[in-house]
Amino acid sequence: MKTDKPIIAEDGDCGESKRVRVADPGFTVGGEDRPVKCPKIEDNGDVGTSEGTQLFVDELMADVAINDKDRKTNAGHGVVSVMGRQRAMTTAVSTVVEEIPSYDIFGIFDGLRVAKFFEDRLRRLVKDEVKACHSRGVAADWNKVMKSCFSEAVGTVGATTATKAVVTIVGKEEVVVLCRGGARVVLYSHGGVALPLCHIHHHKDGVEQILKIHKRKKIDDFIVFACDGLWEVVSDGDTYQLVKCCLYGKLPDGCISESRTTKAAVILAELAIARGSKENINVIVIDLRSSTVS
1 MKTDKPIIAE DGDCGESKRV RVADPGFTVG GEDRPVKCPK IEDNGDVGTS
51 EGTQLFVDEL MADVAINDKD RKTNAGHGVV SVMGRQRAMT TAVSTVVEEI
101 PSYDIFGIFD GLRVAKFFED RLRRLVKDEV KACHSRGVAA DWNKVMKSCF
151 SEAVGTVGAT TATKAVVTIV GKEEVVVLCR GGARVVLYSH GGVALPLCHI
201 HHHKDGVEQI LKIHKRKKID DFIVFACDGL WEVVSDGDTY QLVKCCLYGK
251 LPDGCISESR TTKAAVILAE LAIARGSKEN INVIVIDLRS STVS
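So that you can map any letter, position 268 of the sequence shown is 268 in full-length UniProt numbering, and since no number is skipped, the others follow by simple counting.
Hints are computed from structural coordinates only; laboratory data are not their basis. Among these hints, one or two may not hold up.
Claimed, not checked - Taking lysine-lysine and the DSBU-like style, the derived pairs with C-alpha atoms no more than 35 Å apart in a straight line are:
id	residue 1	residue 2
1	Lys250	Lys217
2	Lys244	Lys215
3	Lys131	Lys218
4	Lys147	Lys127
5	Lys147	Lys250
6	Lys217	Lys172
7	Lys172	Lys147
8	Lys116	Lys217
9	Lys217	Lys244
10	Lys116	Lys218
Quick caveat: nothing in here was measured; it's all calculated off a predicted structure.
Sequences and hints are given; from them, build the entire structure.
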């Protein structure tokens, strides 16, 4: 499998991702300048939908609690993974937090077996690479880590060259993303600026593998990492406004601060279902302000 060396742009990003302001009154949608129309958020955190729609949303979201990773860690992230309108869960989410010094790993994969393989493999590869680099005083070779991990996956646990997977590694100095399709990663910073680090891409001859490295900045606020079950019906503008409200706004009584990221992920999933998403919905919200940029 061929993996091209990343091209580091002047701002530290690999490739040609560009920051786009999504919260301005003049936000451009479909070539037309118009304000972003965001859904109403009630005092209890519910997305403003009709009673009939909300009942259906509540039914589909009934199993969110068993997928709530935020209560198990202080890593500043929330995870929601629900079947939605599909008859089966064909995608899976994986997290490795508080195990590797200065790094947390998040992934969305084709199926549970593939997710478990990548979780175990990346846990060891990243830990070994970070340890070796620290001892030599050099930067981690993320291209080597990702190439090794994904080349081993082909032919194992049902993985093929077309297997979709996206991995995000969040460190104190950088955010590393490996894209193999099926999910999208967007980093939001002060003022509603969105920087896509991974697009949902499809190719006839397998899935293109893209590595991106973003050098973290103090203006970076949070990351939303989700599959097309969210992005096909929820815009960057709506995502920014909803997550910002959950992370930095006033929470209802009885809602502890550690649950802010999970609350944001839940509301995004609820909104996707209410707007008619027909896919599995996997959402990871990562609060970058909870960790310090070195």
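ask   = So which hints don't hold here, by number, going up?
value = 5
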